[in-house]
Every structure is written in C-alpha cells, then in structure tokens.
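Asks: Chains as they are written, first to last, in my numbering: chain A, 20 to 359; chain B, 1013 to 1545.
Hints are computed from structural coordinates only; laboratory data are not their basis.
We put the beta carbon where it would ideally sit given N, CA and C, even for glycine.
Be careful, since some hints might not be right.
The calculated lysine to aspartate or glutamate pairs, modelled on DMTMM-like cross-linking and capped at a C-alpha distance of 20 Å, are [claimed, not checked]:
1. A/Lys289 / A/Glu46
2. B/Lys1322 / A/Glu249
3. A/Lys174 / A/Asp153
4. B/Lys1538 / B/Asp1285
5. A/Lys215 / B/Asp1285
6. A/Lys152 / A/Glu46
7. A/Lys284 / B/Asp1045
8. A/Lys79 / A/Glu64
9. A/Lys215 / B/Asp1400
10. B/Lys1322 / A/Asp290
11. A/Lys72 / A/Asp290
12. A/Lys174 / B/Asp1400
13. B/Lys1322 / A/Glu253
14. A/Lys79 / B/Asp1045
15. A/Lys310 / A/Glu325
16. A/Lys352 / B/Asp1285
17. A/Lys352 / B/Asp1045
18. A/Lys161 / A/Asp269
19. A/Lys80 / A/Glu164
20. A/Lys80 / B/Asp1223
21. A/Lys289 / A/Glu89
FRET-style restraints, in silico, Cβ to Cβ [unchecked claim]:
22. A/Arg154 / B/Leu1296: 32 to 38 Å
23. B/Trp1049 / A/Lys200: 42 to 48 Å
24. A/Leu210 / B/Glu1331: 56 to 62 Å
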Amino acid sequence: MKNYFLKLLAIFCFIFCFVETVYAKSEVNVYSYRQPILIDPFFDEFTKTTGIKVNVLHAKKGLLERVISEGANTPADLVLTVDIARLSQFVQNDLLMEVSSDILNKNIPSHLRDSNNKWFALSKRARILAVSKDRVSNNSIKNIEDLADPKWRGKICTRPGSHDYNRSLLASIIAANGEEKAEEWASNLVLNLARKPEGNDRAQAKAVHEGVCDVAVMNTYYFGKMKFNEKNPEQKEWAKSINLIFTNQDNRGNHINVAGGGIVKYSQNKDNAIALLEFLTKPEAQVLYSKMNYEYPVNPNVEPSEELSSWGVFIEDQLPVERLAELAPTAQKIIDRVGW
Amino acid sequence: MSSWNIWSVPVGIISLIIISPVLAIFYSALLGDTTLWPHLFSTVLPRYLLNTLLLMLGVGSLSLVFGISTAWLVSRYEFPGRSIFEWALLLPAAVPAYIIAYTYTDLLEYAGPVQGYLREIFNWQNSQDYWFPNIRSLEGAVLVMSSVLYPYVYLLTRASFITLPISYFQTSAIYGRKPFFAVALPLARPAIIAGLALVLMETISDFGTVDYFAIETLTLGVFNVWLGMNSLSGAAQISSILFFIVVILLTLELIARRNQRFYEKHSRQESQDLEEISNFQKILFFITCLIPLILGFIIPVSVLLNFVLKGYAVVNISEVVDTAITSISISFVASTTIMLLSFVMVVVATYKSNTFQKSLIFLASCGYAFPGTILAVGVVVFVGWLNDIFYFQMSYFIGGFVVLIFAYTLRFLAIGNGSIRSGITRINPNLIDASRTMGRSFLTTMKKVILPLTYTNILVGGILVFVDILKELPITLLLRPFNFETLATYVYQYASDEMLEESSFAALIIILAGLGPVIFLSRTIKKYSTKTN
C-alpha cells in the first residue's frame, strides 16, 4: 500500500515538473476563442520581433465565465474572440479596460472598435451567398432578403440558425428591417431549405457542389480555405463549382462580422498585452490575416490580398457591430420560433 | 453500528465538496429570471425533450442488446474467435463519440465512398435519383452512440456472468428453465443497470455527436440559451432538468430492487464450463459478436487510417508523443484518485451510513448527467467562490491540475461508483459480520475482505474512467492551464472546424492509448475470475 502511494506521488511530481514552466519575465497570457492553428503563426511572429512569450488557452465556450470567476486573480491579459457577440459580453460584465493607444486608434476605423475603446476588431469576414455556377445565374439574387422568395423552394442550404454566424446575420436583418419583417424572412427561408440545417459552412458549399441545393450561406474565408486545400484536394472541386455573391450592394451593403480582442481589466502584463494587440493591427500582421486566413484586414491602409480582391470588391453594411451583439438574443428567439 | 462515525462523516463531507459545483449550477439556475420559459415552452422545449427521450430510449435499448448478448455468448459458449472477442468487444470504448460521428458521416454522406459506389453500380446521377438514409439523423445518432457506448454494459455484465455459480444453472436445468432468463439475467441485474445508467448519462450529456448531427436535444438547447440568449442561468435551468431526469431514473431502479438479494449463500462455487454448440450456432454467435465490433471499432479506425495513409493527416510525431504523455499521465492520476474515492465512498455508503449520508454519496455520482461544459462552468463558479472566501493563491499550474482532477472526479465518479456498487451487492453480508466478530477493524475488513472480493470491479471501473478521461474534451478544454494539450484537445483544434482529416493521426493515438489498458483489463478479469472460483 505504502509502495503504491509513493509511486503515485512520484507520478504526481513528474506531471507537475513536466508542465511547470518558469514564468519568463516577458510574457503575455491570452484566452482565445480562436483555434490555435489559426492564431499561433501570429504569436510566433510577435515573439520573434519582441521577445515576449505568448501563453495561450483556447476554448470555444466558457472563457467568459472563467474570467468572471477568476476575478482579480485571473492570469488572462488579452481575450481574443471570433465574433462580436462574445466580445460585447466581456464589456457588459465589465471585464475589459479602456485602452488609449494612438496606434490602435490609427489602425482601426472607429466603427470597428468600441466607443470606449474597450474592444478592437482585428479582422473582418463577410457572410455571403455561394451559388451553383451551373444552376444559378449571377444576377438572380441581389439581396439577402431574396432568399425568402418562393422560387428558391427546396434549393437553399444553411448551417443551423442558432450558430453564431447565422444569428448575427439575422440580427443585421432585424436592424435593417425590424423584428417582424425579419421573422417573416426567417420563416420563409426555412420553407426554402433543401434539407434540415446541418454541418458547417463548408458542408453547405459541398452540398451545392453535390447538387443537393443551389444556394448556400457562407463566410468568405471558407472559400479560400477550400480553393487552396492541399490536404484535401477534393475541396478544391467544391470551390470550383460555386460563384460568390455579395448581397445588398445597391442598399445597406453586405453583412459583416469581426474577430477581435480586448485587454482584461485585471491584466498584470498590460503593456505586453497592448503591444500584442497593436502588433495584430499592424500591416505585417493584417496582411497575414488576409493571406493565411482569407479574412479582410481592418486596417484601412492595408489592401486585401490579391486573392481576396479577386473575389470582388464590395460595400459593407455600416451598422455598428455592437448592434449585432445587442440583437442576438432577439434573433435567437426568432430562430427558435421558426425552427431554423 | 452508529451511522455517525469516523468513516461516514468525512465521506459525507467529501461528497458534499464533490457536488458543490452541481449546487453552483442549481444556484445559478435559481438566481436567473424565468422569463425565457414561456418562450422556450411554446417553441423548442417540447421538441428538445422528445428528441432527448427518444435518443435515450434508442441508445439505451441498442446498447443493452449489443452489450448483454455478446457478454452472454463469450462467457457461456465455445466458438471460433471467442477468446479474441472477449477483449476485442471492449475496443469501441476507446473511440470518442465525436470521432465516430465524423467518420460515419464521411463514409455514408452523398460524396462518401458508399453512396459513390452505389451510384456507380446503378448509374444514378444525383441525389434525386435514389433514397439513402441520412446518417445525420436521430437514428444515425442512436447507431453511432450505441456502438461506442455498449462496452459499459458489456464489461459490467460480463464481470457478473463469469462469477455466476454453477449450482444456479444446475437448479435451473432441473426445472427445465432457460439459464439465461431464469438465472443470468436476474442475477446480473445490478451490473446491467449500472452499465445502462452510465450509457444513459453519457447520452444525455453528449454534445459532440448531437451538435455534429444537428439533432435538437436538450443539451443543444442548453447551449443555444447560454450562448445565443446570453443566459447562463437559463442554461443552468435546462441542465437541471436533465439532472433530475437522471436522478429520477436511478432512484426508481434503486426502489425497484431494494428488497432483492444478489449474493450467493455459499462462497466457494465452481463456475460453469463453456458449452459446446453446433456449427450453425458457432457461426451465428460469431456474427453476433462481430457486428458491434465492426460498427464501433473497425469502421471508424479504418476511416481514420485511410486519412493517414492518404497523407491528409498532420503527422508531427514529437508533438503527438508529448501530448500523449501528458494525456496518459493525467488520466492515470485522475482515474487512480477516482477509484480510490469511489471504493471508500461505496463501502462506507453500504455498511456505515444512514439514508441521508447515502443520498449525499449517491448525488455525488450524478455529475455525469450534466453536459461537460456546463459542469466545467459549475466548477469554475465554485472555485471562484472558494477563492473569494479563502483567497488561496496556489501556483497557477498546480492549482490548474488540482481543479482539473477535481472536475474529472465530479464527472466520472459515477463510473467508479457504478462498477464498485455492482460488485458489493454480490458480497454476502455474513462475510463482513464474520470478519467484524473476529475482532477485525472496519479498515482491516475493508482491506482483507471487501477489497479482494471487488478487485475486478475496481479494475473495470478504473480502466473505464481512464479511457473516458483520455477522450474527455469539454472539461479539459475549459479548465486546463496555459499551453496544456491533451490528445483530445489536440484533435479538437482541427475537428472543431470539421477538419478531422488533419487530426486523424492524433485521433488514432487516442484510440491506441486506450487499447493497452483495455486489453490488460480483460486479461486480468479472466485470470482473477478463474483464480477465485
């Protein structure tokens, strides 16, 4: 029995020694809703230029609750999210600090940051339509509202309505047309669906390729990820069979959402965290966003990559992205009611 | 025996600590506004509830069929491959549900090889030309979840079948009764129910599969309310419903078998020899055992292997080896802790506690019924409270590990308790009394009598917990310290974007890491059961 106990103790020690890293003086701790494979290259670049080590904790859910409960003890310095709804939750719970940085103010247009400078957008994506090259003519859809048209009965594919991206799209429609119209739109959209909403955005493009449906709703960057997928070349075929349509180009513009970040109120490495945030808005990082992730830069001085520009220049919906977060719960209720 | 003593009081306190995060979830549920309920009731809730119940019914039934039939065949009859099936039938336990869901979709969807092949043979042009069942459906979920969850039933039931005394079978033969229905099934009931309870709890708390298949269960509802309507308390309220469904089920079962006795009057018994059967039966039994193995192991592993061989996988050996070591170490430490606790808790609950203490211990093992992420949030909130009260400032890393192991305990104690309890109900209470009359202390009795008699059950539980922690995702994801990857979180960074091809190598390693212990376990059970009988 005693022997067992000693062994156990040895294993415990082993594990703790294994991962216990000595805190370097120059560090910044990041809680990230964004996957490591997408964000790590940026951190590597940052560490290379500044010598500041970046520690990352990635989770898709619950980081907000973790920061709330850790309170003043939280090790987190910077929070990165993939959509505006989560970011504004951090603001609502008073977890982010105001940051006054000339670099950030210069690099990020005001409608893409918090009015109190508590959060900053770092990249943009448009939610667009991916339509079949063979079966849909390019000018047959102009506005997102057209998806409610009965002529698309049984021809549309989307992921489930309660995914962040669709919720945010619906929120933008509520903001533009009012709740009642938005609900009418959503329920007609559901009638037009070719199949039960399932899978992610990429799976919808695939369904268009396979002929299951003609029109899919998708975020822009998925197109790039499919078009250049060397790991799974089959996806290149999916990309080949679709055209991209930016909606609402004659009126409010195409719906966009942002990935962004903010500095945690209790940050103990505030300067490093600001440095990292600033780094992410600088041209060299912004170029990476568009080259590697096929996202649109927020920095107005940075042109989207050639590839991105080739998809089309478009007018974006100028609605302050905060409104999307405010309207998300209303959108979710509509989604529940219409069964999207 | 007084029920307030040095055993029951500390164990009661430990139980209370373990369920505190669950209480934190309840607290958050009570705190919240209930204004969402009319909306939920009139829109999604009935559908969510119905789907959840159907899923439980489906997965429960199919797991019972797979688990009990195979357990009976391998422990009673001699047929080709039997000794391999004995351990191989456990292999699906090592396959995470989110991975099996993905591999099946890859195989059976429109662009997958199966439908492609059919189109080629029959010259169908597109999906409008023929009908093919959609794997992303309730039926699909029942199939894939049952094929990885049945090992819970199989393992516990078999451990029970192989220790059945021969005299019972002889008696049933004299009276012309079928040994399976007259003897094996009734006597194995505690084990079967323990296995079934685990399957149901796993089903009810699953998020990966139902999310991937887009099946609207209560769990999915929990996340829509939490993240879509920014209402953690609403989510906690729905989770609490899930919890109560499970508690009610378990209580009903406890009441139903309250006055039954499952132990043998005489302790030394010969066990039954394997029965010789006709060739036709041999083939039939072989196929019966092969089906769940193909569904739960061979198919998913082949799909993953195919990805790796095609070069789709990211193969970074040193990274995978590092994460594998971390994974295996933390799983080992946590499963040992859990089984130690489980053993003491169940023994004390059985022999040393009053009803109140028993209920506490029982509740402590119900954490399994919560979706992992919600449980993790409960732990986060609870640890936050502790921090406010005591202001303990542990090293961030050590603290992180303690919290992680605590959360695993809360989640997986059900498995440990279930397997140990099914062993203890079969110990003749006279043995305990005899040991005590001979002047042995409770501790010595525990060590010299109960421990050896439940040794197999401890192993069974320990390995199940170990494999489960190896696969565990949501709790690890949220509660881990910085720069900390287990195999499951490593796989997840790709899988969360439906890029499982890239992570197929690491996914195979998860399965591989689970194989060793599973095979070891099966050997030990066999050796041990032949030794004691």
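Asks: Are there hints from earlier that the structure breaks, and if so, what are their numbers?
Replies: Hints 5, 6, 7, 8, 9, 10, 12, 14, 16, 19, 22, 23 and 24 not satisfied by this model.
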